[in-house]
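Enquirer: If you read the protein sequences in the order shown, they are chains A and B. No gaps in the numbering here: position 88 of the first sequence is 88 in the working numbering, and each next residue is one more. With the second sequence counted from 1, adding 112 to any position gets you the working numbering.
Everything labelled a hint here was simulated from the structure, so no lab data went into it. Since this is a predicted model, take the numbers as computed values, not measurements. Treat the hints with care, since some could be wrong.
Unchecked claim - With a straight-line Cα cutoff of 30 Å, these simulated DSS-like cross-link-like pairs (lysine-lysine) come out:
1) B/Lys180 - B/Lys209
2) B/Lys169 - B/Lys180
3) B/Lys191 - B/Lys209
4) B/Lys191 - B/Lys171
5) B/Lys209 - A/Lys9
6) A/Lys9 - B/Lys154
7) A/Lys14 - B/Lys191
8) B/Lys209 - B/Lys175
9) B/Lys209 - B/Lys169
Here is what each chain is made of, one letter per residue.
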Amino acid sequence: NAGVTQTPKFQVLKTGQSMTLQCAQDMNHEYMSWYRQDPGMGLRLIHYSVGAGITDQGEVPNGYNVSRSTTEDFPLRLLSAAPSQTSVYFCASSFSNNREQFFGPGTRLTVL
Amino acid sequence: EDQVTQSPEALRLQEGESSSLNCSYTVSGLRGLFWYRQDPGKGPEFLFTLYSAGEEKEKERLKATLTKKESFLHITAPKPEDSATYLCAVYGGATNKLIFGTGTLLAVQP
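One chain only, chain B, in its complex shape (with noise of 0.2 Å):
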């Protein structure tokens, strides 16, 4: 069965303190996974996507990478305004449909 998971469920990190977010797929056929950030009562925002094993994107403090299994976001020096739920979103498999993540919710305190 096609899934995502993402890990962990919730993270705190100080200011300043880097970390990575982890999302790992069981999905034949990969053709591209994406990375959302969601802040609360908005709608998902496109971050990055990813095609194929080996790909990195980088946006400000935010750096995305993907293997045959699993996708990292690299949060470098993270600021309080980072703080939101980041998704990761998988397209392939059986189904040919975009399959979600849960989430991390990331806060990040001064």
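The shape of chain A in the complex, shown without the other chains (with noise of 0.2 Å):
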């Protein structure tokens, strides 16, 4: 199994733009969910869905969007990228939600 992974593992986008960060897992896993990493703040949940169709807003939702058409693949938009954006993504996959989550190996953006 390659459990869940990110593509790209780095990218750098101008004020902006917008573009997508793939995620997958081939864990069967019904719960899949979006964080990212900041210095100082930890993980914060952007958005997650618990299956095929069905996605939910977290912690940090403003600016990202996704979709859910597979149960392996859960992408993450970022519609218009700003400064603030700057970050480290990481996708997470688990059986539920209140089981333990599996990281993928992340994104590191940087907007300018």
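Both chains come to you apart, so use the hints to assemble them.
Expert: So this is what it looks like as structure tokens:
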């Protein structure tokens, strides 16, 4: 099993550009989530999904969109990048929302 | 407000010097407490889940315990390869979402 994979590993954007961060898992997990990690602030939940076709907002959803058309994939879209979105983004999956989550390797995003 | 606080922020130990990391939480209706290890430039790696007060889990030199207000991660005779950031997360409370602490950066010197 590859586990949770994320692409790209690094990305530099200009303010106002849009992009999609990809996330896939091969563990047949129903629950998937996106976090951002900033120095001194811990991991903060952006969006999550409890199954294909179902998504919901987390703690910091503004400026991000998600969709879940399959069990395996959970892409995160930045609509119009801002410098405040410079961060490291992690995707995670688990069997359910009160079980251990398995994290991907992360995407380091810089917005200029 | 649901909150998770980890202490200390950073800890430096000599190889073999045992110590404990603390995770205190103010979450009503705890449904799970999780410990993760994170190495620089990598995603968090799952270590333990604890569900109820009094529960303990062990793995090699690590032992996690849980009370109604806090959890401890005990590190016995640590080695340099135990150096990492250790994250605590709690599931439950008003939002029923996973809340992470800011972590403890552990450095074990040979």
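Enquirer: All hints, please: hold or fail.
Expert: Right, here's what the structure says about each hint:
Our distance criterion of 30 Å between C-alpha atoms is met by B/Lys180 and B/Lys209, whose separation comes to about 18 Å. Among the hinted pairs, B/Lys169 with B/Lys180 is consistent with the structure: their alpha-carbon atoms are about 16 Å apart, no more than 30 Å. For the suggested pair B/Lys191 and B/Lys209, the alpha carbons sit about 34 Å apart, so the restraint of at most 30 Å is broken. Restraint check for B/Lys191 and B/Lys171: satisfied, since their Cα atoms lie roughly 14 Å apart, inside the 30 Å limit.
Proximity of B/Lys209 to A/Lys9 is assessed by CA-CA distance (about 26 Å); at most 30 Å being required, the pair is judged to hold. Of the supplied pair hints, the one linking A/Lys9 and B/Lys154 holds, its CA atoms being roughly 11 Å apart against a limit of 30 Å. Proximity of A/Lys14 to B/Lys191 is assessed by CA-CA distance (about 43 Å); at most 30 Å being required, the pair is judged violated. For a cut-off of 30 Å, the pair hint linking B/Lys209 to B/Lys175 stands: about 25 Å separates their Cα positions.
A hinted pair counts as satisfied when its Cα atoms are at most 30 Å apart, and B/Lys209 with B/Lys169 qualifies at roughly 23 Å.
Against the hints set out earlier in the document, violations occur for numbers 3 and 7.
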